[in-house]
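Asks: If you read the sequences in order, they're chains A and B.
For the first sequence, this note's numbering gives the first residue as 17, with consecutive numbering after it.
For the second sequence, this note's numbering gives the first residue as 79, with consecutive numbering after it.
Some hints here could point you the wrong way.
[Said to hold, decoys possible] Residues from chain A that face chain B, not an exhaustive set, calculated with beta carbons under 10 Å:
id, residue
1, GLU63
2, ALA65
3, TRP69
4, LEU70
5, GLY71
6, GLY73
7, MET76
8, GLU78
9, GLU79
10, ARG80
11, ALA84
12, GLU85
13, VAL107
14, ASP168
15, GLU169
[What the hints assert, rightly or not] Take a look, some chain A residues computed to stay more than 12 Å from chain B by CB distance:
id, residue
16, LEU119
17, GLY136
18, GLY139
19, GLY149
20, LYS154
21, THR160
22, PRO163
23, THR167
If you're looking for bench data, these hints aren't it; they were derived computationally from the structure.
Just so it is clear, CB atoms sit at the ideal spot from N, CA and C, and this is done for glycine as well.
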Amino acid sequence: MGERQKQAQRVFLVVVDDSPELKVALRFAARRARTTGGRVAMLYVTEPAEAEWLGVGEIMREERRAEAEHRLQELSAMVQELSGDMPILYVREGNVREELLRLIDEEPSISILVLGADTGPGGPGPLVTALTGKFSGKLHIPLTIVPGSLTDEEVDALT
Amino acid sequence: MHVYLPVAEVSLDVFVLIGLGAAIGFLSGLFGVGGGFLVTPLLIFLGVPPAVAAATGANTVIAPSVSGVLSGLRRRGVDFRMGAILLLGGFVGSAASVGLFALLRRIGQIDLVVALSYVLLLGTIGILMLVESLRAWQRRARMAGVTRSKLHHHMWIHGLPLKMRFPRSRLYISALVPAGIGFGVGALSGIMGVGGGFMLVPAMIYVLGMPSSVVVGTSQFQIIFVAANVTFLQSYANQTVDIVLAVVLMIGSVVAAPLGARLGAKLRAEQMRVLLAVLVLGVAGQLAYDLVAPPEDLFSIETRNESISSSAGQ
Numbered sequence: 017m018g019e020r021q022k023q024a025q026r027v028f029l030v031v032v033d034d035s036p037e038l039k040v041a042l043r044f045a046a047r048r049a050r051t052t053g054g055r056v057a058m059l060y061v062t063e064p065a066e067a068e069w070l071g072v073g074e075i076m077r078e079e080r081r082a083e084a085e086h087r088l089q090e091l092s093a094m095v096q097e098l099s100g101d102m103p104i105l106y107v108r109e110g111n112v113r114e115e116l117l118r119l120i121d122e123e124p125s126i127s128i129l130v131l132g133a134d135t136g137p138g139g140p141g142p143l144v145t146a147l148t149g150k151f152s153g154k155l156h157i158p159l160t161i162v163p164g165s166l167t168d169e170e171v172d173a174l175t
Numbered sequence: 079m080h081v082y083l084p085v086a087e088v089s090l091d092v093f094v095l096i097g098l099g100a101a102i103g104f105l106s107g108l109f110g111v112g113g114g115f116l117v118t119p120l121l122i123f124l125g126v127p128p129a130v131a132a133a134t135g136a137n138t139v140i141a142p143s144v145s146g147v148l149s150g151l152r153r154r155g156v157d158f159r160m161g162a163i164l165l166l167g168g169f170v171g172s173a174a175s176v177g178l179f180a181l182l183r184r185i186g187q188i189d190l191v192v193a194l195s196y197v198l199l200l201g202t203i204g205i206l207m208l209v210e211s212l213r214a215w216q217r218r219a220r221m222a223g224v225t226r227s228k229l230h231h232h233m234w235i236h237g238l239p240l241k242m243r244f245p246r247s248r249l250y251i252s253a254l255v256p257a258g259i260g261f262g263v264g265a266l267s268g269i270m271g272v273g274g275g276f277m278l279v280p281a282m283i284y285v286l287g288m289p290s291s292v293v294v295g296t297s298q299f300q301i302i303f304v305a306a307n308v309t310f311l312q313s314y315a316n317q318t319v320d321i322v323l324a325v326v327l328m329i330g331s332v333v334a335a336p337l338g339a340r341l342g343a344k345l346r347a348e349q350m351r352v353l354l355a356v357l358v359l360g361v362a363g364q365l366a367y368d369l370v371a372p373p374e375d376l377f378s379i380e381t382r383n384e385s386i387s388s389s390a391g392q
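Only chain A is shown next, with the shape it has when bound in the complex (with noise of 0.2 Å):
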């Protein structure tokens, strides 16, 4: 994609699993993609098959595709009702915080990644203590936190 297009169209990378920040993460990249005329863009890393015995994995690959498809369609349309736009998607196997850094080398249009955090006790989660921490230095885009704990309402404000 040349420098032009980069900069007409920001693209910002959400993570999806099965978090409740998710919603507010996405919410907030979804916002923001239609106030700065850019795109929201979603991955989804699948497990990979933990067996390889008789066709058993590939009946697993197949069932957590199907999955990942249909979680991605129900979000879609949230992201789509908010930004106005279709989001990119993106469907990987393996370990997520590996699949998401090497996405990233691989699309340079993906100029923002944005991630959910658990304001609980618990820590903010798996991905952003590794990506703020030990793996920061790996990240080559921004990244923006979005604190799990905000509501519809303060997000809209601050989009």
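We have chain A; now place chain B onto it with these hints.
Replies: Just chain B, lined up with the frame of chain A:
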């Protein structure tokens, strides 16, 4: 450093045994369904009598299964209700096969039966592995028979009575089916000292129709208790569990196996699996050869074993 194994009546190097644990872990990592089926034959090659190898092998799968279930719990990947029914069948099956084990031991045929069943099992596993990994290696399109088209296929099995609901697996099926599968795998576990994950996992997918996200955790859940039961029954009924061997293997499976498993999961390449299939077939071939080749020493362990077992029986 050699250690004397009191029940097996041989001395073996501790580090070789721990290395065996690592190798098994590596295998589990490559296939994800446990590598316990290689413990017993490798112990036989090291000189452990087949009856002792089979009875002692079962408990090596317990430790990796416990850690597997714990990580499965975090991902909600264990169907306890299904696991309990499988377990019920597993208890009955393993008790029956330990009884058979005792009978065969009394008539002096247990070593032959253990070795023969391993030739059969490893031969089958090796061929299936080889075919599958060669196919994957060549990146040939998967055949329709391998991937299941529908989650709930109607079969004669669904006409059986005692229907039960399994919410985690989203199934409504007869409890007799998982109980029967548990029985079969438990029986295998009693005779051969394997966990049985390599049979349980495909059976759960293709016969029961469970979602793949819960099969590995649930099979490990069942294996923990069946393997513990086998170890207990074998030591009680047949006195064929070598505690020293069991402890050393356990150390191997706790310390070394996770390292091997991590490496195996990383290297999960088709080429590796082809090599492994060849290895499994090689082990089966060696076992078969040992069965028919004239022994170097005609007056070997069997005679001594006989006297020990008959004196123990008195």
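Asks: Give a verdict on every hint.
Replies: Outcome of the hint check:
{"no.": "1", "hint": "GLU63", "verdict": "holds (8 Å)"}
{"no.": "2", "hint": "ALA65", "verdict": "holds (7 Å)"}
{"no.": "3", "hint": "TRP69", "verdict": "holds (5 Å)"}
{"no.": "4", "hint": "LEU70", "verdict": "holds (4 Å)"}
{"no.": "5", "hint": "GLY71", "verdict": "holds (4 Å)"}
{"no.": "6", "hint": "GLY73", "verdict": "holds (8 Å)"}
{"no.": "7", "hint": "MET76", "verdict": "holds (4 Å)"}
{"no.": "8", "hint": "GLU78", "verdict": "holds (6 Å)"}
{"no.": "9", "hint": "GLU79", "verdict": "holds (5 Å)"}
{"no.": "10", "hint": "ARG80", "verdict": "holds (7 Å)"}
{"no.": "11", "hint": "ALA84", "verdict": "violated (12 Å)"}
{"no.": "12", "hint": "GLU85", "verdict": "violated (15 Å)"}
{"no.": "13", "hint": "VAL107", "verdict": "violated (16 Å)"}
{"no.": "14", "hint": "ASP168", "verdict": "violated (28 Å)"}
{"no.": "15", "hint": "GLU169", "verdict": "violated (32 Å)"}
{"no.": "16", "hint": "LEU119", "verdict": "holds (20 Å)"}
{"no.": "17", "hint": "GLY136", "verdict": "holds (17 Å)"}
{"no.": "18", "hint": "GLY139", "verdict": "holds (16 Å)"}
{"no.": "19", "hint": "GLY149", "verdict": "holds (22 Å)"}
{"no.": "20", "hint": "LYS154", "verdict": "holds (19 Å)"}
{"no.": "21", "hint": "THR160", "verdict": "holds (28 Å)"}
{"no.": "22", "hint": "PRO163", "verdict": "holds (24 Å)"}
{"no.": "23", "hint": "THR167", "verdict": "holds (28 Å)"}
Comparing the model with each earlier hint shows violations of hints 11, 12, 13, 14, 15; every other hint is respected.
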